[in-house]
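*Asks:* Take a look at the letters that make up each chain.
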Amino acid sequence: MSYISYQFFLFLGAVLLGYTVTPSKYKWCVLLAGSAVFYWMNSRWLTVFLLCTTTAVYAAARMLDSMEEGFSLAKGHLEREEKKRLKALVAGQKRGVVICGLAVAFGLLLWLKYGAFFAGCWQHLPHHWRLPQPPVKTRMFLPLGISYYTLQAAGYLIDVSRGKCKACRNFAKLALFLTFFPQITEGPIGRYDRLSAPLFEGHPFEYERFTKGLQRIVFGLFKKLVIADRVNLFVSAVFEESGTAPGGILLLAGILYTLQIYAEFSGCMDLVIGCAELFGIPLDENFARPFFAKSVSEFWRRWHITLGAWFKDYVFYSISLSKPFMRLSKFVRRRGNDFLGAVLPAAMALFFTWLGTGFWHGAAWKYAAYGLYYYLIMLAGMLLEPLFAKVCGSLRIHRQGRAFSLFAMGRTALAVVGGMLLFRAESVSEWGTILAGIFGRFSLRETLASVLRYDMDRKDFAVIAVGVVILLVIGILQEKGIHVREAIARRPLPVRWALYLALVMAVIVFGAYGRGYEAVDFIYGQF
Amino acid sequence: MEKVVRVFCFLFTFWLCLAFSSDFLKPKNNTVESGMEKTELYGFLSEPNHTIDLAVIGDSSAGNGFSPMKLWGDYGITSYVCAEGWQTLPQGYRVFKKMLDTQKPKIVLLETDEFFQPTGIARTALYVSDLASKTVLPLYDYHNRWKDVQAKEMMRRPHYTYHSAVKGQWRDQNVKPYNGKEYMIESREESPLSITVRGCFALFDEICRRSHVQLVLFTVPNTGWNYSKHNAMVSCAGKICVPYLDLNLERKKLGFDWKTDTRDGGTHLNDQGANKVTGYIGYYLKENYVLEDHRQDHSFDHWKEDYQKFTK
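Quick note, the sequences are listed as chains A and B, same order.
Be aware that the first sequence starts at 420, since it is given in the working numbering, and climbs by one per residue.
Be aware that the second sequence starts at 2, since it is given in the working numbering, and climbs by one per residue.
If you're looking for bench data, these hints aren't it; they were derived computationally from the structure.
Be aware that one or more of the hints could be misleading.
Unchecked claim - Away from chain B, derived, C-beta distances all over 12 Å, residues of chain A: (1) 543; (2) 630; (3) 747; (4) 763; (5) 798; (6) 846; (7) 893; (8) 931.
Unchecked claim - EDC-like cross-link-like pairs, simulated, lysine to aspartate or glutamate; straight-line CA separation at most 20 Å: (9) 631(A) to 154(B); (10) 148(B) to 876(A); (11) 878(A) to 154(B); (12) 182(B) to 876(A); (13) 4(B) to 876(A).
Predicted, not measured: the structure shown is a model, and the values here were computed from it.
Here a beta-carbon is modelled for each residue, glycine too, at the ideal position from N, C-alpha and C.
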């Protein structure tokens with residue numbers, strides 16, 4: 420059941436009605452029932468894997484809690500040395516429990532999502548090693564949202580082990596946290612300490628909140644149906660002929676694909692957050708105008724924010740603050756290189772973070788390359804920063820100025836387009852072919868002559884241009900700290916209604932759906 | 002209270018926008034160039050008003066299994082087949098309702114294969130939403146015409162020019178025999194009908210009664226059919242006292258042969274099969290109903306021209 424289908428909106432309406440009429444104490448049960456039905460309708464028997472992860476994480480978190488409680492009770496009666504010993508013992512046991520819980524969650528993810536990939540890699544190992552044949556050969560079935568709920572479950576377990584939150588005592592409530600239906604398909608990846616309270620406490624129906632939720636849903640549909648799905652016409656047509664298309668067309672396709680993926684993913688997030696808002700549940704934002712970023716690392720703090728934050732909190736810090744890395748840093752500093760001492764642990768931790776981020780997107784080497792592409796750009800940025808600062812200083816370039824900011828935004832956007840081309844290509848070698856095509860076959864005249872040959876006419880381009888201008892204006896206003904929905908809500912009624920109706924009618928009339936268009940699945944929904 | 006009024010006013014304004022845009026974007030002709038979807042299905046729009054005496058509604062079984070020109074040639078009865086692939090009962094209902102805007106058929110033959118299109122909650126929701134959206138909101142079907150439509154079209158009244166010389170029939174002369182076993186094995190089982198189908202059939206019956214159209218259920222020979230479906234249709238027809246003709250059981254009388262009368266190994270009929278089905282139904286209609294023979298009527302000369310083309 421896609422988020423942009425009639426069925427989903429009928430289903431959403433039914434759950435909302437049930438949620439509204441149910442007493443506050445039991446409202447979360449309606450959400451759980453709705454989420455269970457939604458998941459079952461999408462995944463059928465694959466639901467069993469979600470149950471396995473939920474059970475493992477629930478049991479592990481409860482064990483951690485009881486260990487902590489036991490330690491708290493016992494430590495009062497112990498001497499200092501005994502307390503220290505017991506603390507170390509409990510810490511070791513807790514580590515073991517966390518590892519077991521994570522092993523189940525990530526084990527299922529690795530098996531189901533990466534099993535075929537690993538098996539393929541295994542088969543490419545030299546024959547003279549005489550290794551046994553791998554058991555997994557074909558593509559496995561993928562439960563809905565496994566990449567999202569696994570990270571959410573792992574984050575919860577680590578948070579409990581770090582004492583950031585208490586373990587959930589109610590299995591059903593934990594199941595709701597992991598399966599909340601608006602966010603199960605594409606995130607945002609929720610944190611238990613922020614999401615649990617609004618999810619479990621019942622919220623009465625509020626007219627203002629309801630209308631705001633609807634506005635956000637419609638805006639999400641606008642991004643998806645009017646911009647992303649229309650752009651898809653051109654992008655698909657060009658990439659089908661990536662070996663022969665003119666360089667300028669390939670570059671334009673890369674730019675439009677970046678726009679497509681942004682409009683689609685952020686549109687889906689608007690839809691998801693809007694749906695949750697109808698129930699009074701605030702979800703974490705996943706986008707913060709990423710194309711206003713002045714560097715690639717800033718871009719990733721604005722793009723898929725919850726994924727970046729997850730890797731930062733649970734991978735990057737875990738590695739960079741681990742004892743071996745701290746020792747390495749100290750060692751380098753002692754040798755007199757403070758800069759390298761600061762950069763080296765971060766650079767090494769970043770490597771694993773970006774390798775993980777890359778592989779999270781899919782089970783193929785191109786995704787690893789995708790992660791490492793950003794890693795190399797960030798690493799170069801870190802290493803060259805002193806030199807860059809020196810050059811800017813000597814040339815008297817004001818790095819906080821508007822002109823330099825625009826240049827930095829353009830530079831970042833270009834780097835992102837390069838990454839998105841890799842994301843779109845079938846393989847790293849195809850990415851190379853596309854890049855070679857962009858530079859080798861670039862001709863402005865040929866580009867202008869053939870731009871309308873790829874399934875999009877002037878009117879399509881006009882619609883997209885208007886859509887981009889709308890996104891840009893909203894982005895600029897938001898960058899200035901203006902809350903657009905609140906600002907519109909303060910306008911006189913005719914203006915307000917005209918804007919709302921214009922948006923709805925734009926979705927209905929200019930949306931790329933129905934006859935003549937193929938339904939385009941959410942790209943990030945396939946993870 | 003103020004909020005309720007505000008919501009009502011907003012929805013009313015929204016409805017006005019929808020109605021205006023729908024009217025603006027709706028095709029004003031039934032040709033492909035004008036943006037009409039399924040031109041053959043809606044070919045009846047260009048027939049002169051009140052000239053079709055028999056409407057045939059159904060999915061591909063009806064499209065391939067009935068020949069209006071054969072019926073004209075044998076009995077002088079005017080008919081039109083409103084068939085579309087995988088047509089569901091809600092879709093059939095919608096087409097029939099559209100036909101009643103310009104035609105006053107005396108009889109409607111409803112092919113029963115569409116009573117058994119796939120069901121399920123999601124499918125049911127899809128049927129209902131599809132019916133609602135396309136009936137209430139033609140914009141859903143035709144919104145993509147914003148690129149082609151011109152301002153002068155806005156006030157123009159529809160003028161339909163697409164003419165179907167075979168009156169909606171899907172002609173096919175291929176022969177691919179069915180060599181399987183006999184599929185109509187007598188049993189007492191009864192296939193269940195989904196809530197959507199039952200609800201929509203009640204609507205269909207009601208609109209027929211209101212418009213004084215005699216409803217007749219019929220099943221074109223089809224090896225996907227079986228006795229439990231037959232039993233379900235017998236009881237369905239019995240409940241509202243309408244006739245039901247299951248031609249799967251009348252194959253001998255039709256002279257039907259699965260070796261020569263199907264185009265795809267038993268799922269659909271070819272022209273020869275359609276002629277046999279039509280011959281049987283024509284005789285049945287002549288025996289049981291009073292339908293005018295228009296062959297001597299000069300106002301139906303265009304039917305004669307179409308028939309000449311058909312027989313060439």
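*Asks:* Determine which of the earlier numbered hints do not hold for this structure and return their numbers in increasing order.
*Replies:* 2, 8, 9, 12, 13
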